[in-house]
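Going down the list, the protein sequences come from chains A and B. My numbering puts the first residue of the first sequence at 439, with every later residue one more than the last. My numbering puts the first residue of the second sequence at 39, with every later residue one more than the last.
Derived from the structure by calculation, the hints contain no laboratory data. Glycine included, every Cβ here is placed at the ideal spot set by N, Cα and C. Watch out, some of these pointers could steer you wrong.
[Claimed, not checked] Under 7 angstroms between C-beta atoms, here's a sample of chain B residues computed to sit facing chain A:
#	residue
1	128
2	130
3	212
4	216
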Amino acid sequence: MWRNTRRGWGIVSIVLHWTSAVAIVGLFALGWWMTDLGYYHSWYNLAPWWHRSIGVLLFAATILRLIWRAAGSSPALPGARLERLAAELGHLGLYALLVAVLVSGYLISTADGRGISVFGWFEVPALVSDLPRQATLAGTVHWYLALALIGLAIVHMLAALKHHVIDRHDILVRMINPRISRKP
Amino acid sequence: MLKKTALAALTAAALVPMSQAQAADYKIDTEGQHAFVQFKISHLGFSYILGSFEEFSGDFSYDPENLAASSVSMEVDVESLNTNHAERDKHILSEDFLDAGEYPTATFTSTGFESTGEGEGVLTGELSLHGKTQDIEMNVEHIGGGEDPWGNYRQGFEGSTTLTLADFDIDMSSMPEPMQTLELYVTFEGIRQ
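Take the sequences, apply the hints, and build the full model.
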């Protein structure tokens with residue numbers, strides 16, 4: 439139930455997958471909206487505060503997710519050899535883009551050597567700071583990689599729907615229902 | 039006759055090095071960092087934001103006997119702006135304000151000097167910032183100078199001026215009245231070359 443099997447995803451992976459999905463789409467929309475806010479908007483300071491705090495939590499969840507995935511097994515992929523290879527590459531791309539977007543975001547806020555406060559609960563220290571033009575360059579990278587991540591996530595979603603509707607595979611159902619992992 | 043000419047030549051020869059020693063070229067001491075380019079701008083009319091540009095270079099020519107002939111030029115790396123807050127720095131450097139990607143350097147070249155008293159005066163010059171060049175006036179003061187303890191010869195100055203940001207096409211229209219201008223403060227020592 440908790441762990442993944444060759445048959446399906448366990449609860450841990452399912453919860454991490456869907457909370458990440460909601461967080462990624464939410465952070466993208468919030469980030470897009472907040473960077474155009476006028477100085478006098480009441481959310482001018484609050485929106486980035488939420489964005490940074492959720493971003494750090496997503497970072498932690500992503501590290502946990504990658505460890506969980508690497509340590510356990512994962513369900514077998516359906517389809518032809520080339521299709522399975524495309525799926526592996528697509529998933530690798532999603533993970534890589536996600537980590538790069540998280541790291542570049544962290545590098546913006548810590549460019550002057552100050553840490554990031556997470557909802558005022560605790561502070562993540564700055565590890566890399568004072569690189570030349572750090573905040574500006576990290577900001578540019580953050581924006582374009584976030585666009586790429588959302589683009590690939592849309593492809594990911596369309597592929598999942600194609601498998602579900604056209605090929606009648608259970609890949610979408612097994613990312614929702616953890617009981618499938620226990621089917622013989 | 040010959041004696042007179044020789045005397046004149048001797049006098050001239052003696053005077054030349056002296057006058058050269060008076061009008062000298064100096065390099066702004068950015069290596070030892072005895073030089074600062076700072077600004078102060080209102081925040082909402084409540085307090086001030088202080089910031090500085092950390093990377094710049096420049097030199098000047100200074101002749102205490104002929105101050106009008108003095109000149110100075112400086113080049114500032116706009117990207118080196120620091121207000122102690124990375125996200126604010128990023129915003130100030132973005133297209134909303136300084137657009138440092140498009141206009142990475144700011145320069146100042148003096149065009150004249152008028153003395154207004156002992157060790158002080160008004161320096162005029164061209165300031166290029168955000169792709170716009172404007173004539174500005176800066177109140178400057180000679181603070182001190184002489185032999186330093188390490189074998190060099192230095193002169194030090196300070197100067198300040200108020201800039202209206204709209205003159206440099208920097209859009210502050212969404213900001214309140216006190217934020218339309220900023221105070222620029224520069225102080226440096228130069229080492230005689």
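Does residue 212/B meet its interface restraint, that is, does its C-beta lie within less than 7 angstroms of any C-beta in chain A? holds (6 angstroms)
Hint validation: residue 130/B versus chain A, beta carbon distance must be below 7 angstroms. Holds or violated? violated (10 angstroms)
Interface hint outcome for residue 216/B [beta carbon to chain A under 7 angstroms]: violated (14 angstroms)
Can you verify the interface hint for residue 128/B: is its Cβ closer than 7 angstroms to any Cβ in chain A? Result: holds, 4 angstroms to nearest chain A Cβ.
In summary, the numbered hints that this structure violates are 2, 4.
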